[in-house]
Structures are given as C-alpha cells and as structure tokens.
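Protein chains: 4
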Amino acid sequence: MAGNTFGEAFRITTFGESHGTAIGVIIDGCPAGLILDLDFVQAELDRRKPGQSKITTQRKESDTAQILSGIFEGKSTGTPISFLIPNEDQRSKDYDHNVGPFRPSHADYTYQAKYGIRDHRGGGRSSARETAARVAAGAVAKLFLKQVAGITINAYVSAVGKMKVEKPYTELDLSSAENNILRCADPEKAEEMIAYIDGVRKAGDTVGGILTCVAQKVPVGLGEPVFDKLHADLGKAMLSINAVHGFEYGSGFEGATLLGSEHNDLFETDFSTRTNNSGGIQGGISNGEDIYFKVAFKPVATIMKGQDTVDKDGNKVELHGKGRHDPCVVPRAVPIVEAMAALVLADHYLRNKNAKI
Amino acid sequence: MAGNTFGEAFRITTFGESHGTAIGVIIDGCPAGLILDLDFVQAELDRRKPGQSKITTQRKESDTAQILSGIFEGKSTGTPISFLIPNEDQRSKDYDHNVGPFRPSHADYTYQAKYGIRDHRGGGRSSARETAARVAAGAVAKLFLKQVAGITINAYVSAVGKMKVEKPYTELDLSSAENNILRCADPEKAEEMIAYIDGVRKAGDTVGGILTCVAQKVPVGLGEPVFDKLHADLGKAMLSINAVHGFEYGSGFEGATLLGSEHNDLFETDFSTRTNNSGGIQGGISNGEDIYFKVAFKPVATIMKGQDTVDKDGNKVELHGKGRHDPCVVPRAVPIVEAMAALVLADHYLRNKNAKI
Amino acid sequence: MAGNTFGEAFRITTFGESHGTAIGVIIDGCPAGLILDLDFVQAELDRRKPGQSKITTQRKESDTAQILSGIFEGKSTGTPISFLIPNEDQRSKDYDHNVGPFRPSHADYTYQAKYGIRDHRGGGRSSARETAARVAAGAVAKLFLKQVAGITINAYVSAVGKMKVEKPYTELDLSSAENNILRCADPEKAEEMIAYIDGVRKAGDTVGGILTCVAQKVPVGLGEPVFDKLHADLGKAMLSINAVHGFEYGSGFEGATLLGSEHNDLFETDFSTRTNNSGGIQGGISNGEDIYFKVAFKPVATIMKGQDTVDKDGNKVELHGKGRHDPCVVPRAVPIVEAMAALVLADHYLRNKNAKI
Amino acid sequence: MAGNTFGEAFRITTFGESHGTAIGVIIDGCPAGLILDLDFVQAELDRRKPGQSKITTQRKESDTAQILSGIFEGKSTGTPISFLIPNEDQRSKDYDHNVGPFRPSHADYTYQAKYGIRDHRGGGRSSARETAARVAAGAVAKLFLKQVAGITINAYVSAVGKMKVEKPYTELDLSSAENNILRCADPEKAEEMIAYIDGVRKAGDTVGGILTCVAQKVPVGLGEPVFDKLHADLGKAMLSINAVHGFEYGSGFEGATLLGSEHNDLFETDFSTRTNNSGGIQGGISNGEDIYFKVAFKPVATIMKGQDTVDKDGNKVELHGKGRHDPCVVPRAVPIVEAMAALVLADHYLRNKNAKI
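Residue numbers (my numbering), protein chains in the order written: chain V, 1 to 357; chain S, 1 to 357; chain Z, 1 to 357; chain P, 1 to 357.
Everything labelled a hint here was simulated from the structure, so no lab data went into it.
Please note that the accuracy of each hint is not assured.
It does not matter which identical chain is used: a pair holds within one copy or between any two.
Stated by the list, open to error - No more than 30 Å apart at the CA atoms, straight line, and that leaves these computed lysine-lysine pairs for BS3-like:
(1) Lys312 to Lys353
(2) Lys146 to Lys167
(3) Lys353 to Lys75
(4) Lys356 to Lys75
(5) Lys75 to Lys322
(6) Lys217 to Lys353
(7) Lys75 to Lys312
(8) Lys60 to Lys322
(9) Lys75 to Lys146
Extracted from the complex, chain V is given alone in its bound form (with noise of 0.2 Å):
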C-alpha cells in the first residue's frame, strides 16, 4: 500500500534515507542453493556509486554493503536475503540552505503536501540513494537469472542532451559500455558526450540523457498476459527510477508511425522472427528473441545556477544551489536500469513456474 515493495514472487522491499542511518533491502522469495557472490553485489554497487568521475558528483560514499541473513556455506538458504548500506559523508549542512525553499521539480513540496512532515536534510526518501538498494537486491537477481537460464542484462547511454547513438543495439559491442566514464557502448559518441556533460557541468547546469537496456537468452513464456505484462512490469520498473520520465520497448514511439505490414515480425521455422519490432514480448509474454527498451531520464533537477523559488510559507526566495551533485544522471543510472529489468525478469521467471500443470 505504501509502495515500498516490488515483485510478487522475487519481491524486495527498501528502506532508509538520504540522510539517515544507512539504507537496506529485504529480497524475499530467492530460492534456496544460489551461490550468492558477495563481490560481484559490491561490483555492482561500486558501478552506481557517487565519486566515479569528473561527470558525476563528487560526493564521496563507499556504499559497502554488509549482508544480515539468508545466507549460509556460500549459498542462498531460501529465507529473506538482507543487505545493510550505512550511510557515510552525510554533510547535512550542504543542505542547511535547503530547510525554507521548496526546491523546483524536487519531491520537497509534494512530501510536505502528503506527509505533513518532511526530513529535509536532502531528499530523504526521495533520494536517488534508495537505489543503492536496488542494486544491491538487482544483483541477487542477475545472479540468479544467470544461473538459473545464463539470462544476461546490459545497459548502456544511448543519448544525452539532443546527441544520441544512432546505430541499433545489433549493432555496437554492449560490454565496451564499461569502457568510458559514460557507460555509452558507442566510443566516439562516448567522447563528444563526456565533452558536452563536463562543459554543462562547468556551467553549473545538467542535462538530460537516454539508456538503453538489452536482456539476451530470456526462455520463452515469461510475463502475464493481461495486466503483468512483461513490458508492463518493466515499463513500471523502470518510471519508479528518480527522474525517468519516459518508456518505450521493440519498436517504441517509432512503431506507431508504421504500418502493419512494415511492422509484424514474420515467424521462421524455428519460431524465431525475421525482425524484432516485438522487442522479444508478444502478448505480453517473452518469445526469446532480445528483449529490449529505451529509458528518457531528464535533467536533474538540482543547479548550480539561482533560481526563484517560494519556502513551504509560499513566500518567495531565491534558491542557489550548493551540495554535490550529478551533472548528467545517466552513467550512474546504468546499473539502476540493469538491476530492475533483473527484478522483473526474475520474478517473472519464479512466476512462470505455475503456467502449466
């Protein structure tokens, strides 16, 4: 009811605040004998962790995750699998400036409006730091899918600002994503892009950008066919990340200018299709073929530039932003997309058990 839940059959529930003790997440419905690689979790986390580069915040955290239960010899025991991330290098006073004014296109004014109380010592819960625990629960579930199917997950920067990749997926070496500070898996596109975020940077301001996630080797049969789709769900997934503002999967925006005829994925004799506008999901079900989605992130919301804004009175001040934050989101928002397709993937794997006798 509160939505700090996700999954039904693989299901994580986070906690925690920017601000506070440390965050954490529950993952419940792992099943028992996965060998839990603790070090490729941390590996994960390290990859959307604060201080990575000269286009991201320069916030310092070391986001060590400690794990609490559900583990025993190595291996996952089917019990509910916990992870711990204390909070470090909390600087509240950064955000000192911030007690009065409602920050433009933050949560700030509509927390208060809900709750009727707000720590505003940064976003509290709104943070983007709550996705700290998503990774660490999303990596459980790239372990399992690898395991269980060798299911593999990739995501990559497709665009930012008005510059974008303009070769297809197909196209580009997905693991050369890990090779620039963007995490853009096409390398010139990647320079002029870190060119442009720093110089946006330096103006104080941020921009916008675009991800672009590929699932390979998903069995056919998972998703549910009216309201959980698989699309659906990764559709969800996805918008409940901080600042995404947009979702297209296969074909996207693009396939409702086409015609049918253009369109339609012709089956082989293998079942395979000659194209994949279907982007791996018919009927809201996978088909095995690449599973694939776009991801719209806007601007981040804190500059460095003066703004007006109004403090929770409605009394009008001038906001001048402070603190230590992204410039661009999205390198940092790579291993966030991953992590939920691998939620939704996973519990749809678990769920699929029960389709037939």
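Once you've looked at the hints, dock chains S, Z and P against the given chain V.
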C-alpha cells in the same frame, strides 16, 4: 501472481475470453455510498464497442453490461461490484483458418509455448475484447473521482502514423474529441487522419498512433514515493493495454534533451508552477497541476494482406487475414486509456488517506 | 484491501449478495492443462445447497454453476476460471420484518456502522450464501490436488452441541460420512445427533458443532515458514467461514496441557513419525503425515423464538424469526471446510515450486 | 509469496536467523506524524528477551533495537520504519551436536526437505528469535492504536499444563500480569504455576500453556467482511507464532456446545450487547465490545531428556538436548501475542478508512 488483478485499494479482476460465454470484472474496494450511474457505465462501453464507424472493425457487439452485485437502491454498498458482458456474434468460423498458423505479432505462439494449450478461436484472453471489462470498471472509477474530488480525465488521438497534432493539449478543446469518429481534439487534423486511415483500411493494412491523456483537478498528494510512483502506476496501466509500445509523461522523451535550467518548473507563491514539464507529478506524487501523458500504439497485427508464417509444428504456411479488424486502434482506445487512468487515480486517492495521522 | 480475495498463487475472488442477481467467483492462477470435471464441481455444490434434509433449511435453491471462462475443450487454459451461480427463490418478503431491527449476533449492526448503507434483504454479503462460490472454487482446487499429487481431503461432523465423536479420525471410515444426512463419520453417533438436532429445530432453536478435517497424501514441503505457515493459512481460511469461533490443528488446545516428552513426535528411519501431535505440520511446513484439524461453529444466530433487540435508531423492538434457516450449520459446512482446505493446499502447492533452484 | 510479510496497509517484513548477524523488521505503511517513543519499543523487547527469570531460558541477549529509518525529530515521516536487532551470545557450539540429527517436533526435517539446505546452527529462521522483530514492530502498532484511538491490548497466561485460571478476564486486573514472572493475571494461580514450571524444568522437560488476550476501546467497524474478517486475521496472526496449535475467540470451542438462544448477544439501546459471546466481532467486523481470544501453545520441543531420532540420511541416533531453552514458552509469548494483535488492529484501522465515501 497470474496477473488478472490491477490496483490495491481500488482493485479490479477481469475474466473472460473473446469467444467464450462472457467477459466480466469484479471491482473490490469501491467505498460505500457512491451513486452508481449505470447509464454512464453503458455509455462508456458504447464508446469502446466495435462497429461505431468506417474506421473501426465492422464486427457488431452490443457490449451490454449487467451489474450482478454491490449495488442497493442505486448506491454502492462497499461489497464487490461485478459486471457481466455476454459475448455475442462470435463467428468462430472467421477464425477457423487460425487453428494451425501462428499469426505474426500476435500472442498465439507465446500462449501456446507458455500454457501448452490455446483457445485458437481468435485471441482468447489476449484479445482486446478483455478491455471492455476494464472500461466498465473504469467508468465506476470515473464516477468515484468525480463525486469525491471533481477530477476529470480526457484522452484524445494526437497522432496517426506520421501525422501529428502539433498543438499542445492546453490549446485544444478536449471535449471536442467526441465530435469526430477518430476522437481527435484537433478537428482539422481529424479529417486528414480519418481519410488516411480509410485509405490504409482499403489497402488491407493497419497503422499505429498515439493518444494524449489529461487528468485535471487531481488533488496534491496522490502517489506513493518509491516503487508505486503515480506515473509508474500510470505507465504500467497503459503498457498493460493491448498494442501499447511506449509511455511518457510530462516532458517525456523530449525532456531528456533539455538542460535542468530549461526543464525545472518554478513555483509561484500559491505553489502552482509556471511551467509543467513535471506533468503534474513530482517525486511520484501529484502536485496539483494537470497530469498529462502520451501512449504509443503499434499498428494492429491483423492485416488483410497475405503473410508468411508457420504452424505450431514449424511448417511454413501462408496466412490471409479475414475476420473483421480495426485498421487503427486509437479511436476505440480512447475510453480504455481513460478507464485505466481513472483506475490508477482512484486507487491512489484511497491509498493517500493513510499518509498521515 | 477490501478482503474479497483469498490466496496468492491459486487465488479466488468472490462476489455477490444473498438477494442480488447472482453470486460468483473468479479463480486466478489455476495452471493450464487441468481436466475440469464440471460434474464434480456441481456435485460439490449439491453437497452444500439448502433443502437437502430435515436438519437443513427448507429453502430450495438449485445452486447451478455456470462456467464462463478459462476452459477450452475440457481443460483449464491458464486464464481465469469463473463461475456464476444465479440466485433463485429469494423470497425477499421473508426478510421484510428485518428492515428495522438489528438481528442479534448477526452482522446487521456492524455493516450498517461500517458502510452507512445496508442491503437489508437477508444477510446481503454476510450471508453464508457467499460460501457457494467458495465451494465451486474449492472443487477446482480439489481436482488440481488430486491430479497433480493424489491429495484427498475429507471433513466430517465430530460434535453437535455437547455430543462428541470420541474416536480419533484414524479409527473411522471417513468416506462413511456421506452416508448420513449429518455427514458424521461415526454412524451410531450420527443417529443420536440427528435426533437431537431435529428436537432443537422443533423447539425453534439452533445448536453449534464441530467439524474435523483430514488431508492425506500431502507431500513434504508445503507451507512458508514465518507468517504464511501452512496451519496459519488453514486457520485463517476456516475462521473466514461464517459462524466459526475456533480452530485447532494436531494436538490443539489439548496439546497445551502436555509435557514436551509426551508431545514430541519421534522420527522413524523413513522420516515418518511415530505419533502425529504435530498434525502433519512442523515449523509451518507439511511433513508428509496426515494433516488434521478441528473447526468450531457457533449456533446459527437466527432462531424462531422471540428475541429483544433494537432498530437502527436504538429503539427497542421484539424480533420473531421467520424465514427458513438451518437448525445446525455443520452438515452443510462439511463441503465448505473441505473447499477452503483445498484452496489453501493448492495455493501452497504452487508456492512451494519456488523453494529451491 | 515466501511469506515473510504480514499485513496490507500497516505491513511488516521481517528478516534474520537466530545465528546470523542480526534480525530486523521493516514497517511499511505507518502514517506520518506518529510520536515514536523508542523507549517503549525497547521496553516491549525487554518483556520478550531471554534470561528474565528462572522459568525462562538462561540465554542472555540484550535485544537492543536500533532504528535505521523512518523517523525525523521524534516522529514517523511516512517512509519505512526499520529496526535492526544484532545477534549476540550465539554460542553456535551449543548447537554443534545438531548438525546431523533432526530434532523431533522441530522444523529441521521440513526445512531440509523444502530447501535442500539448512542453517543447522539452532533453528535458523524457524527460531522464535524471529519474534523479536515482530515485538519491535508491534510496539509501533501499539503506539499508533493508542495515539489515534486509545486502544489497549493486554495478554496474560491463563493456563499452564492442566492448571487453569478459572475466572473470566472480566474479573481480573489485567495490569497485574506484569507483577509476576509468569505474566499470569491471577496472582494465586501464578504462584502455583511457577512452581510447577520450575519442577518441569528441573526434570529436563517442558510444558504447554494458554494465553488470553483482550483488546479494549476498539472502535466499531474494523475488519473486512469476507476473507479478511477481523478474527480470521487475528487467528492467522496467532497461528503464525511458533508453537501455537489453537485459536478461539469469544465463546470459542465452548460456543459450539450452546444453543442459539443461549449464545445470541442481545442489543441494548446504545448498541452495546448484554453478553459478549461474539468476542467483540460480528460478521468479521468489530462491534465496539471488548475483543478477546485464546491462544494455545504446545510444549517447547527441545527437552533435556534423551530422545530417539534420525539424521538426514535416516540413520538412528540418540539426541541429548543441551543449549538453554525455555521450559514453558508462555511468559515470553505475552508480548508477542500482544504485538501480533496490535499489528492486525492497526492494519484494519487503516483499511477501514476506505469503507465509505
């Protein structure tokens, strides 16, 4: 788990196949005391029913909803409200040619693979006929939102193929959409689009399109901040509709191209915002501005042109569409999109009652 | 939230009031491929229907279930299975005397207070008529359990008023319960009890009783270890049946009087246990032994004797029962208890598939 | 699905094993604005902790709860409230003798069979240690119920072995239960029972017992009428506590022996009832009278006497209990029963807000 239920506090469960006895819906969680205007429910179903115009399927079904429970002396009683919509005019023989072939970009193959059994008379459960049940339930949600808070929801066709309504919704008379068979709120564009669809239909083809939906007078505070953000639930709702390939709200994909200084919505002293790139939602919670979003529909998969495909044993066969299908799904999708939006808002309206003591 | 749904993986939602058009149920999550023996479903409903004998209500309803969806060529398809049971012979006038008075120990007052509106024609949603929908769904769960694992479930009357079957279930022929109108597995006791109930009926009174239920051939591993212990879900299922005031399993309340050395069930080398005080469940998980439990039903609240009560304005009135009610609910409760047990076991059977990789 | 979550609107998820790093709980859905008295939370944990007296286990754990999130300036913020309780004094070697043998009437065998892996250091997740997390969450629920409605919940020991408190709760001073180490509200009986338990302990044995619990000042209207009846959820809550074998409310099993004319609770003109066989609940909904129920606990399975058992390969072995276990679970169960009752009532208090417009 099997995904035929949507919502938490205002919750619906649908049942029924296109060629079975009936379809229907149970609404659980509608508060007692709502005036249940059954004529309005039927009027909403009439907006979705087939056979309305030359640009929709010529199949004729009256789609008459019978209320079975949850009403006493014209009001809701707090018990489950259920509607039954008998199937008529099923013409199973129109579909006999489908016993063998898997129709391209339909759910035939994935259902067969997932369940090992398939009702091959039309789409079965994957048929868009299921959405009639959603429209009936959505009509009750609309009545609820109107009676408790004056909330209104209006969708209209904003693109067909490559043709687009260029004006933003704020410059259109939304109520005018019902004046043309396309349900486009731009009368001039409507005529062009209708002519285009008619040509596509005559060519035996189909085409995609986009809907824009606007919810007004939504109070501040709806939406839960982490996984069940208001726009995440709207996104899932829309993506669960047949043929939807994309969802964006507020600035959407375009927002990803902007700078923070361009995108941020500055507050006025009454907490309204000068711009509304946030689409009426900040941090997942409604902020009192208009909520607006777009939904992309792929072209209908059933075309009257011959297509290569395979049967369930992988043998090549040629498929020739017969039946009576829509050349473009968007006009009939308008009440469906509104219904799903109403269900999400009703659900979050109830959930928000527990935000504070 | 509004509580008309039961189960997670094998999930039912019921609807309908005693004096509305129909009642019914949707089963969501029944795997595809189950042979749906509709004659069996009807036979189960016939065991519950009114008018079976002199010791049940004389109201006559055929309780004919129509299947509306989820079946194709005799098998389940994986989509929602729904049953509709039209109401007949409602004789609303039998209840006209109830418009004003709150019937003692009925739900009239609490419904009025909770919802502010009440369908005063009989019990509305609180009527035991709702359990017919459970029996139809439970029959499908029984078919499922039988077809996948050979599981059988048998309940019988083990006490009426102060009269008890002294023998444990292990010394009775459970199938013999269907040979008498009381559904008591002890033929001699049955005759005495029937005579007693008949006397109670003639005196215009009612009496309570106890059912014992036994599930056999349940595989090891069903039940989730913390909140959703198998016996906790069985307990909730039973306590959700009208008029139930108590539940115990295995050694039950008597077990609380024993020493650990008396109560512990020692293992044999095949992991069976010498005794079964655990009632087939250890740590909330089935252990392969028989599962058995008892369910206590209070006397039916509607009596033919005059009773003092008040109307909705708090004025004193005298109430004289008319209508046609059961002198003792237990014979008709047998199929209801079995149905709810089957629903719990089917749910946990499916959930257990994800215990380990 | 995996059953580590309880409640819908006021929802808890627990994690942790007896011999892992820590146990804990997340509370999701507690409204903002609650004054979080952390001393009270700790005091409740102290009532449950081991080592309190000669009739409880001599194991010493401080059971100190750390709050990690959901609090700001002493009040709840509407975000998840989480507590961490580190494990101390685990003495795994006390349990080393358990690596092989399946302890009779414990969950060793069923866990091994269900999960294929087992944390054999004590009970792991099946240990009653998990209930500390419930007590912490229940303390918050108690604060909530007190602050919003003045509701109080008191449990006490009403039977140990064959010894019973004969007086009904209405003739006892419930607050006196805290005056003796047994938590029995009848001081004279308490002494006898304590002496008896001490004898059982010295004999290396254990004994069962019964708790009575009373909730007062519960407003009319809590509980959902069909599956989520208030007493059904209370029953499930109690049956989910380790070692519970039975639950009854109001007249309970005794009620099954009565006539309707004896059992019915007649209304007064203020809608109170002359008697309270209904236990404060009619049709699953609270009616404003006291809610009372009983919970039966079997004897603790770990005894100090030798027992025959088998190891995981089915070989016969003799087991000699060591460790430090409770001779009778009931005194420490008092705060657990109260906590679970509080969680159910808080959940239904929130859910009831949506009963009518």
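Checklist line | Intra- versus inter-copy proximity for Lys322 and Lys60 (alpha-carbon distance at most 30 Å) | finding: Close inside one copy (16 Å), not across copies (49 Å); limit 30 Å.
Next item on the list: With 30 Å as the alpha-carbon cut-off, assign the pair Lys356 and Lys75 to within, between, both or neither.
Entry: both (29 Å within a copy, 11 Å between copies)
Notebook entry, point to check: What label fits Lys312 with Lys353 when the C-alpha limit is 30 Å: within, between, both, or neither?
Noted result: Result: close only across copies, 22 Å inter versus 51 Å intra.
Next item on the list: Have a look at Lys353 and Lys75 and pick one of within, between, both or neither, based on CA distance no larger than 30 Å.
Entry: This pair counts as both: shortest intra-copy Cα distance 22 Å, inter-copy 18 Å.
Notebook entry, point to check: Under a CA distance limit of 30 Å, which applies to Lys217 and Lys353: within one copy, between copies, both, or neither?
Noted result: Both: 17 Å inside a copy, 22 Å across copies.
Check: Can you tell me if Lys75 and Lys312 fall within 30 Å by alpha carbon in one copy, between copies, both or neither?
Finding: Classified as between: cross-chain Cα gap 19 Å, same-chain 50 Å, threshold 30 Å.
Note to self: Treating 30 Å as the Cα threshold, decide for Lys75 and Lys322: within, between, both or neither.
What the structure shows: between (44 Å within a copy, 28 Å between copies)
Check: 30 Å Cα cut-off: does Lys146 pair with Lys167 within a copy, between copies, both or neither?
Finding: Within one copy, since 27 Å is at most 30 Å while 47 Å is not.
Margin query: Checking an output row: Lys75 and Lys146, CA cutoff 30 Å. Within, between, both or neither?
Written below: within (15 Å within a copy, 34 Å between copies)
The structure shown violates none of the earlier numbered hints.
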